[in-house]
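Next come the chains, spelled out residue by residue.
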Amino acid sequence: MQLTLNEQQRLIEESALNFLSRQPDVAGPWYDARPESRWMPMWRAFAEMGWLGLPLPAEAGGFDGGAVETGLLMRAFGRHGINVPYDGGILLAARLLAALGTPAQRDRWLPGVIDGSRRLALAHDEAQCHDPWAPRATVARRDGTGWRLHGAKLMVPDGGGADALLVSARLDGEGRGATPLSNRDPKPDPQPDPKPDPQPDPKPDANTDRNADPKPDTCGATHAVFLLPMRDTQAQGLRLHRCHTVDGAAAADVWLDGVHVDADAMLGTAEGSDATAVLHRLLAEATIALCWEACGAMQAAFARTAVYTRQREQFGRPIASFQAVQHRLAEMAVCCEEAVAACELAALRVDAGLAHPGAAIALAAMAKSKVGRAARYVSQQAVQLHGGMGVSEELPIAGLFRKLTRFQQQGGSPSWHAAQYGRAMLASGTWRDSRTLPSPGAWGDSRTLPSSNRSSAEAPAPWISN
Amino acid sequence: MDLQLTPELAAFRHEVRAFLRDRLTPALRRGQRLTTAMYPEPEISGPWQAMLRERGWLVPLWPKEWGGTGWSPVQRFVFETECALAGAPLVHPMGVRLLGPVILRFGTEAQKQRYLPRILSGDDYWCQGFSEPGAGSDLAALRTRAVRDGDDYVVSGAKLWTTHAHHANRMFALVRTSNEGRRQDGISFLLIDMDAPGITVRPIATIGGDHDVNEVFFDEVRVPQANRIGEENAGWACARYLLEFERGAGIFSPRLRSQLMRVGDAMAALQARGLRHDGAQRELLHVRFGEVCADLDAFEMLELKTLGQLTPGQSPGPVSSILKLRASRLKQQIGELGVEMLGLEGQRWRDDGAARADGGGSDDEIVGTLLPEYLNSRAFTIFGGAAEVQLGIIARSVVGL
Numbered sequence: 002m003q004l005t006l007n008e009q010q011r012l013i014e015e016s017a018l019n020f021l022s023r024q025p026d027v028a029g030p031w032y033d034a035r036p037e038s039r040w041m042p043m044w045r046a047f048a049e050m051g052w053l054g055l056p057l058p059a060e061a062g063g064f065d066g067g068a069v070e071t072g073l074l075m076r077a078f079g080r081h082g083i084n085v086p087y088d089g090g091i092l093l094a095a096r097l098l099a100a101l102g103t104p105a106q107r108d109r110w111l112p113g114v115i116d117g118s119r120r121l122a123l124a125h126d127e128a129q130c131h132d133p134w135a136p137r138a139t140v141a142r143r144d145g146t147g148w149r150l151h152g153a154k155l156m157v158p159d160g161g162g163a164d165a166l167l168v169s170a171r172l173d174g175e176g177r178g179a180t181p182l183s184n185r186d187p188k189p190d191p192q193p194d195p196k197p198d199p200q201p202d203p204k205p206d207a208n209t210d211r212n213a214d215p216k217p218d219t220c221g222a223t224h225a226v227f228l229l230p231m232r233d234t235q236a237q238g239l240r241l242h243r244c245h246t247v248d249g250a251a252a253a254d255v256w257l258d259g260v261h262v263d264a265d266a267m268l269g270t271a272e273g274s275d276a277t278a279v280l281h282r283l284l285a286e287a288t289i290a291l292c293w294e295a296c297g298a299m300q301a302a303f304a305r306t307a308v309y310t311r312q313r314e315q316f317g318r319p320i321a322s323f324q325a326v327q328h329r330l331a332e333m334a335v336c337c338e339e340a341v342a343a344c345e346l347a348a349l350r351v352d353a354g355l356a357h358p359g360a361a362i363a364l365a366a367m368a369k370s371k372v373g374r375a376a377r378y379v380s381q382q383a384v385q386l387h388g389g390m391g392v393s394e395e396l397p398i399a400g401l402f403r404k405l406t407r408f409q410q411q412g413g414s415p416s417w418h419a420a421q422y423g424r425a426m427l428a429s430g431t432w433r434d435s436r437t438l439p440s441p442g443a444w445g446d447s448r449t450l451p452s453s454n455r456s457s458a459e460a461p462a463p464w465i466s467n
Numbered sequence: 012m013d014l015q016l017t018p019e020l021a022a023f024r025h026e027v028r029a030f031l032r033d034r035l036t037p038a039l040r041r042g043q044r045l046t047t048a049m050y051p052e053p054e055i056s057g058p059w060q061a062m063l064r065e066r067g068w069l070v071p072l073w074p075k076e077w078g079g080t081g082w083s084p085v086q087r088f089v090f091e092t093e094c095a096l097a098g099a100p101l102v103h104p105m106g107v108r109l110l111g112p113v114i115l116r117f118g119t120e121a122q123k124q125r126y127l128p129r130i131l132s133g134d135d136y137w138c139q140g141f142s143e144p145g146a147g148s149d150l151a152a153l154r155t156r157a158v159r160d161g162d163d164y165v166v167s168g169a170k171l172w173t174t175h176a177h178h179a180n181r182m183f184a185l186v187r188t189s190n191e192g193r194r195q196d197g198i199s200f201l202l203i204d205m206d207a208p209g210i211t212v213r214p215i216a217t218i219g220g221d222h223d224v225n226e227v228f229f230d231e232v233r234v235p236q237a238n239r240i241g242e243e244n245a246g247w248a249c250a251r252y253l254l255e256f257e258r259g260a261g262i263f264s265p266r267l268r269s270q271l272m273r274v275g276d277a278m279a280a281l282q283a284r285g286l287r288h289d290g291a292q293r294e295l296l297h298v299r300f301g302e303v304c305a306d307l308d309a310f311e312m313l314e315l316k317t318l319g320q321l322t323p324g325q326s327p328g329p330v331s332s333i334l335k336l337r338a339s340r341l342k343q344q345i346g347e348l349g350v351e352m353l354g355l356e357g358q359r360w361r362d363d364g365a366a367r368a369d370g371g372g373s374d375d376e377i378v379g380t381l382l383p384e385y386l387n388s389r390a391f392t393i394f395g396g397a398a399e400v401q402l403g404i405i406a407r408s409v410v411g412l
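Listed in order, the protein sequences are those of chains A and B. Everything in the first sequence is counted per my numbering, starting at 2 for the first residue and increasing by one. Everything in the second sequence is counted per my numbering, starting at 12 for the first residue and increasing by one.
Rather than coming from a laboratory, the hints here were simulated on the basis of the structure. Here a beta-carbon is modelled for each residue, glycine too, at the ideal position from N, C-alpha and C. Treat each hint with caution, since some may be false.
What the hints assert, rightly or not - Here are a few chain A residues that face chain B, going by a calculated C-beta distance under 8 Å:
#, residue
1, GLN3
2, GLN9
3, GLN10
4, LEU12
5, MET50
6, ALA353
7, GLY354
8, LEU355
9, ALA356
10, HIS357
11, TYR422
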């Protein structure tokens, strides 16, 4: 057990903080929309320092970094207001390709990703359902030896700049949730569908099944991930709408109106394989990484607010001398400490190895609930304590507020994640055990020591399930 | 960073479990489960203290020659986690956790020989005489005075919120021995026999319906000067040292989780009686339960990390204010969750017949504990330095004001 950073982790954090503090971006304004040409030199420097390959497996040319290492990097980004498509491009898209792709697909794309000459983006979120674990409405249908993709993707990070899009899609006619969709109009509306996605046919015992399942509702369809090159060939039926998110990051809405792709566009080859588990695990781990980044932004907002309130004078004295201000600063400090601890717990559990994707999703929900609420408090108080300056773009505080506002919405709100976590904990019963030092052993007497009996702790809790 | 138990820690945990399995009786476990007050009654905590002492695990923080274990802080966390999750009673902390370290640090050899063995054996049951009617969070405002008279002090005044004064045979108290200079510099630390003439103990009814605290009056009570710990007028240093242990040496998260388990057990019992949570109610409970779990998980990690960075015997310093603040709020959050989940049953007040009328099982009696526990939990952000005091300490130290 080691409860402090190891030597390598300390080096990663130090060099990242050092390098990023010297970037021109740090001078501000923070989190404004800026052209790719402004941040690409920094991206290439990331490649030289090995950051773009950090979380990728060594056999793909990466460095086998774990969730703590990538978390430290993300936290440094947040600390210095660095806005780059690392989460979507590297932690999601590149890791997906490394995990699912054939050797040929990996060889074709990953060297360029790692050296910074090419970028990937993952198109996953959809207008029909804001639950990232729900079956996708975007569907892939057999078309000769290849596939046709129908659907719409929402605010794909770096979607307009990436050299290739990875598109998550449900495979038509496969998996238990597929039937209703395949009965729909074969040519979906090119606009995002305003109607709710038809629910998959519930199994006869769907209710009890759902509540007894330790995972949130993640099953119901077979998914695959397709790679669409964007630069060389502009596929027919593909439409992009470039936009920005509130933190100034470039994004794009993407419509797939029967886009044809060849068979080798699907990541992996094995017929009948299902990408859902890998997709969900990587989405969950990327959510945890976003929480680390938010912690960095919270620390920056807190540190700047502490300095500002010591300097700003009203009524003849620094406003930090007022108790009402001091207590808010103290609450902000507590929020930051707790949020960091939540991120560390989630990352350490990921790095220790997880039994199933549901465990990663539960950890992501825990972190997002905790860090999301803390981010809301810290960012709101940072603006409040800056007074008028807090709502102007003269200081980085407004940018940090916009960044942390986006974070709360990204991949599901804190309240929604809390519900996910509550449901998962109640179903699995793992909340009865220590979450830092969970028990692998068993007590002889499960009736009298239920808390420490692993086998009984994993039995579904009877309550809240009716 | 990693959370893997070393082989030594895993073996230690195994040892603790074996001990709990062998010694922790259903009666003691039930006694702790049904305790809604701050500490279990002496007939629950006493036998458990004796078992721990026999095993050599009663006073991990004391020096080895006095029965200390030499455990690392993380080892102590493992021990506390196993005890709490198994439902072991809380040891009454006044002697073993609070006064013991003060005597070890500031007491004379004679005082150590006289008091420490009786703390360990449980022959002395201590209470703490700090707060007064005019001195709560502002402890230095205390006015109970001790005037020299021959070899004695003559003590007059009143102490308030004295937990278990009605059980205790001794009190450690802060008294005013001087009105010169800084208020803090006129305070001494005295050990007082509760059966001395002139002491009156008045019970105070509290919000949760337990008899936990008292007001203690001193009417010219004679206390030998030999019962003073440390120099005259140097009692504030003892108090600060003790408060550091009160705030920081406690390991909170395991007991918070066992409190949450009680909420879970109560809900299971209500559902066994046929209670249903439907639709929006269920969704709401999922959110609330998820938030409490996430808060508790993060707090547990923060606490373990803080402990992991300490050397044995070291106090965590100002971070203990963050831990104290969050632990007390979590206690209240869990209490709130419990009452909210009770729904209509959250109105019923200490009705021993309720469970039996429905023919419920043994878990039924736990249902009635949630409401008193929640009411009592309101005190947790008040005693030991109110939440506002902790925020002030955090602002000054962590924020650097």
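Hint by hint, here is what the structure shows:
1. GLN3: Interface hint status for GLN3 (chain A): holds (5 Å vs cutoff 8 Å).
2. GLN9: 11 Å, violated
3. GLN10: 7 Å, holds
4. LEU12: 14 Å, violated
5. MET50: 22 Å, violated
6. ALA353: Given a least distance of 7 Å, the restraint on ALA353 (chain A) holds.
7. GLY354: At about 11 Å, which exceeds the 8 Å cut-off, the nearest Cβ of chain B leaves the hint on GLY354 (chain A) violated.
8. LEU355: LEU355 (chain A) check fails; min Cβ-Cβ to chain B is 13 Å, beyond 8 Å.
9. ALA356: Check failed: Cβ of ALA356 (chain A) comes no nearer than 16 Å to chain B, outside 8 Å.
10. HIS357: Since the shortest Cβ distance to chain B is 19 Å, the answer is violated.
11. TYR422: 4 Å, holds
This entry does not satisfy hints 2, 4, 5, 7, 8, 9, 10, going by the numbered hints stated previously.
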